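Asker: Respectively, the protein sequence lines represent chains G and F.
Using the numbering used here, you'd call the opening residue of the first sequence number 1 and step up by one each time.
Using the numbering used here, you'd call the opening residue of the second sequence number 239 and step up by one each time.
Don't read these hints as lab results, they were simulated from the structure.
Since this is a predicted model, take the numbers as computed values, not measurements.
For each residue, glycine too, the CB sits at the ideal point set by N, CA and C.
Do not take every clue at face value.
Stated by the list, open to error - Below, a list of computed lysine-lysine pairs in the PhoX-like style, where the Cα atoms sit at most 25 Å apart:
id, chain 1, residue 1, chain 2, residue 2
1, G, 153, F, 476
2, G, 204, G, 155
3, G, 71, G, 155
4, G, 153, G, 71
5, F, 476, G, 71
6, G, 153, G, 204
7, F, 476, G, 91
8, G, 91, G, 153
9, G, 124, G, 155
As the list claims (entries may be wrong) - One side of the interface only, derived from the structure: several residues of chain F facing chain G at Cβ under 8 Å:
id, residue
10, 452
11, 455
12, 458
13, 459
14, 472
Stated by the list, open to error - A few chain F positions that, by computed beta-carbon distances, are all more than 12 Å from chain G:
id, residue
15, 280
16, 285
17, 287
18, 394
19, 400
20, 418
21, 419
22, 428
23, 435
24, 446
25, 506
26, 539
27, 544
28, 555
29, 558
30, 565
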Amino acid sequence: MALLQTRALNKRFGGLHVTNNVDLSLEAGEVHCLIGPNGAGKSTLFRLVLGEHSPSSGQILFAGEDITALKSFQRIRRGMSVKFQVPGIFKALSVRQNLETAMQHHYPAASLHEEIDRLLEFLKLSGESRQLAGNLSHGQKQWLEIGMAISLKPKLLLLDEPTAGMSPEETHMTGEMVRRLNADGMTVLAVEHDMAFVRQVADKVTVLHLGQVFAQGSIDQIVADERVAAIYLGQAHG
Amino acid sequence: MNALSRFFARLEGPQTIGRGPVFWVGFLIVLAGACSYPMFSDGYTVGNTVYFFTWVFMALGLSLIWGYGGSLSFGQTAFFGIAGYSYGVLTLNFGAAYGFTLVAVVIALVIAALAALLLGYFLFFGRISGVFLGIVTLSVTLVLERFMAQTAGPEWAIGKARLNGFNGMSNMPPLTIPWPGGDIILYPDVQLYYVVLGLLVLVYLGLRILVNSSFGNVLVAIRENPERAEMLGYDIRKYQLGAFVIGAVLAGLSGVLYTSWGQYITPSSMGMTAAALPIVWVAVGGRSDLTATLIGTLVVLSGFQALTIHGAQYALVVMGFLLVLTVLLAPRGIILAAAGLLGRFGKSKQGGA
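Bound-form chain F, shown alone:
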């Protein structure tokens, strides 16, 4: 009982902004707003909103790896792609009957986790850090993109699933929940919206508990001073690897949701642009805080989308400009700086009991 209440007490702590009744009432109001949103909109628009949500998992994962752990990784999109392609290959081969798409999600996430475990093992147990970690993870991502882009020929197929090179895979079944009286097929519509929203709330709260736990303490300590953390008796390589794998699974979740949402995935989802954008979302919002990352990602994504409608390439330039501006003016992130200005939130973050 006591242990359980301590567990939930971790929802608040020095590693996350927002505490006390005011914050949580605000949280519930926002959540209620998000829940009632489909009632004031049409299915098509709601389905498009899901698109924004799918990316947030990857951003939260990057916040954990980079913002909390201090390891800048460009590898998130690699795991996004690995999980997305895995979902495609599995479901194109085995279909959607008997709830198999849900099994495929789990398998795809396990594959992403194993890939992260392998790559992360060499990175962290090889004591690669700082800019070199960025270079290696970016290289891996780009190699994966190049590889998938050259799989156009018919020899590149796994079972019934053709990889299709640059054009990518398509027509995999969407997520399907087995239900008495007819499966529920989650097309980009209201039902998928609620499923993804539910996942988002779970992941967000789960990560809050994680970063305020003893694991989170060590992770932040490694960011601040890895030598000191090791000299407190922590095998910092394991903590870094742990964060890397959790972050990769979240990126994988984004990949799976994206693939089932649009029923396609292409190599460019792992390209240079795709690898750089999560860095922008997370840095602009405030990488060292989950809430700032969540809000920042949604704001930047919506802004990006609005700009894209007016001219695709110049939206990317604005993203780059936004990143430079953030680094110069609000290095901790715009949302985090704004929260700091709100004073109360800032104090609760720094005052950490």
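One chain only, chain G, in its complex shape:
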């Protein structure tokens, strides 16, 4: 059964048809990447799934339940989690407190700090636990937010350009993290520009163009598709 499904999803801002009749289906256990040129409607689709925008028409189903009318926090509680493009962290709080705020209701109080230590290790942030989150490097901020997102033990992890602003090494490490999470059973939907990252993690790729699903398939199929190359990959690869 599909974990996430959008049915004939539309979003208009005034006369602008940003999301046009999108049917997207995510199987449980897959890593699905959403690509497309700027203005393709990736971010809007993302925000529709998260409940930050409400659709003009259409439906969103999560684990079989119609969540179209639910608020963001209710969707999160049903097993979604998100990492934003610009690192959404609590800058004036310590790294540990960032994670504590995320995890405090998901773990028993007695073992909370052990769990935080385990996660810090996974994120390679053990040495920074008392540091203010605002003082971390850009890549570390991204990881901290990924840590907050996965600490909720979500069924579906939404990543909005998780490698934006990262060095190639950091991008590769992030890819490794995503694969390990996926191996543990997490389904992932990622908006991503970095094709190396997409190749590293994606089971399936959807290309959005002008608000519509333009093409879908494995990364090899997408790269081989001349129509896609014409609108997107051609540009990206110069």
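Dock chain F against the given chain G, drawing on the hints supplied.
Answerer: This is chain F only, laid out in the frame that chain G set:
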């Protein structure tokens, strides 16, 4: 047992400055000083000191709403007034016998809480934030002041209690504790001092536990990044509303104590000046910390009082100047900046385990 010790462990935490034996010994020394102060002074002066204490509850409430929660509210004085007037109306009608003044305090606080719940519901569930929250809360406060100021006529009475328009209500009974062998009437004197001091210590410690709890974590997270907090699964509207109501009840407590202390309350206690001053106290001390707010409020109030004796209007100008200076030179607050300079305190705040 374990849960209880965890509860009291919340007295210290990343959201409050001051931890470890040094801080708490200092706290006890200050408290001992405050307790023995009446022995070295006369009843009249001690009674006047109570006046300063009464405002601190409102300031601590604002620290919770604004400093911790990130919502700048000018509404504290509205709840101050609502509770103060409620106390007046209740006690003028039903008197002080059988400990009714204490019941009146509770009812007045409940009324303030309900008013805050209603206003806060529309604010936070309507997703009003930032400068608009300030504008709406200020408007509500000023409307309430205008309304009370026009209640001079005899038709404006609730039971036996005349509202008296601009002149305000007076001659309500002070707090009275029923006691075998004669009620204890808490005039502004040593006994009232100890009652208010006790309340202050309770509220201060209670708030320390609150802001270092999981509720406090979420509140601070909302201040830092509301979108992220919501995307961790928190219904941030409820947390904001919760902080707003708790803050309003504390403002109400200030209002009740002030009304019973001076046995009067006027609409100007909800006016523009009254609404702005708590912002100054809290900002100058350091809004994002309870201890800084507590100390800052007492220092600024005493300074204000000293200046007022020399010329009422120019004291207000100094307050405005002080606020501008703080914003420019020590945006986190002067007391908090000083604590940061003391190093040890600063580290314990930021190092948060």
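Asker: The structure should be examined with respect to each hint, and the outcome stated for every one.
Answerer: For each hint, the structure was consulted:
1. A threshold of 25 Å between alpha carbons decides the hint, and for residue 153 of chain G with residue 476 of chain F the separation of about 23 Å falls inside it, so the pair holds.
2. Taking the CA atoms of residue 204 of chain G and residue 155 of chain G, the gap is near 17 Å; set against the 25 Å cutoff, the hint holds.
3. The hinted pair formed by residue 71 of chain G and residue 155 of chain G meets the criterion: a straight-line CA distance of about 18 Å does not exceed 25 Å.
4. Only pairs whose Cα atoms come within 25 Å are accepted, and residue 153 of chain G paired with residue 71 of chain G is accepted, the gap being roughly 19 Å.
5. Between residue 476 of chain F and residue 71 of chain G the alpha-carbon distance is near 14 Å, which keeps this suggested pair within the 25 Å criterion.
6. Restraint check for residue 153 of chain G and residue 204 of chain G: the C-alpha separation of about 22 Å stays at or below 25 Å, so the hint holds.
7. For a cut-off of 25 Å, the pair hint linking residue 476 of chain F to residue 91 of chain G stands: about 23 Å separates their Cα positions.
8. At most 25 Å may separate the alpha-carbon atoms for a hinted pair to count; residue 91 of chain G and residue 153 of chain G meet this at roughly 23 Å.
9. A threshold of 25 Å between alpha carbons decides the hint, and for residue 124 of chain G with residue 155 of chain G the separation of about 23 Å falls inside it, so the pair holds.
10. The restraint placing residue 452 of chain F at the interface with chain G holds, with a minimum CB-CB distance near 5 Å, inside the 8 Å limit.
11. The closest approach between the C-beta of residue 455 of chain F and any C-beta of chain G is roughly 4 Å, which is under the 8 Å cut-off, so the hint is satisfied.
12. With its C-beta approaching chain G no nearer than about 6 Å, residue 458 of chain F sits inside the 8 Å limit, and its interface hint holds.
13. Interface hint at residue 459 of chain F: satisfied, since its Cβ lies 5 Å from the closest Cβ of chain G, which is below the 8 Å cut-off.
14. A hinted interface residue such as residue 472 of chain F counts as satisfied when its beta carbon comes closer than 8 Å to some beta carbon of chain G; here the least separation is about 6 Å, so the hint holds.
15. The beta carbon of residue 280 of chain F is kept farther than 12 Å from every beta carbon of chain G, the shortest such distance being approximately 46 Å.
16. The claim that residue 285 of chain F is not at the interface with chain G holds, since no C-beta of that chain comes within 12 Å of its own (minimum 41 Å).
17. No beta-carbon of chain G comes within 12 Å of the beta-carbon of residue 287 of chain F; the shortest separation is about 35 Å.
18. Against chain G, the non-interface label of residue 394 of chain F holds: every CB pair exceeds 12 Å, the least being about 43 Å.
19. For residue 400 of chain F, the requirement that its beta carbon stay farther than 12 Å from each beta carbon of chain G is met, with the minimum near 48 Å.
20. Residue placement check: residue 418 of chain F keeps its beta carbon more than 12 Å from all beta carbons of chain G (closest about 45 Å).
21. Chain G leaves residue 419 of chain F outside its interface by the beta-carbon criterion, the shortest separation being 48 Å against a cut-off of 12 Å.
22. Distance check on residue 428 of chain F: its Cβ is at least 42 Å (rounded) from any Cβ of chain G, clearing the 12 Å threshold; non-interface status holds.
23. No beta-carbon of chain G is positioned within 12 Å of the beta-carbon of residue 435 of chain F; the least distance is around 32 Å.
24. For residue 446 of chain F, the condition that its CB be more than 12 Å from all CB atoms of chain G holds, with the nearest at approximately 16 Å.
25. No Cβ of chain G approaches the Cβ of residue 506 of chain F within 12 Å, the least distance being about 37 Å, so the stated non-interface status holds.
26. For residue 539 of chain F, the requirement that its beta carbon stay farther than 12 Å from each beta carbon of chain G is met, with the minimum near 28 Å.
27. Here residue 544 of chain F stays apart from chain G, with its beta-carbon at least about 35 Å from theirs, past the 12 Å limit.
28. No beta-carbon of chain G comes within 12 Å of the beta-carbon of residue 555 of chain F; the shortest separation is about 33 Å.
29. With a closest Cβ-Cβ approach of about 27 Å to chain G, residue 558 of chain F is found to remain outside the 12 Å limit, as its non-interface label requires.
30. The beta carbon of residue 565 of chain F sits about 18 Å from the closest Cβ of chain G, which is more than 12 Å, so the claim that it is off the interface holds.
When held up to the earlier numbered hints, the structure conflicts with none and fits them all.
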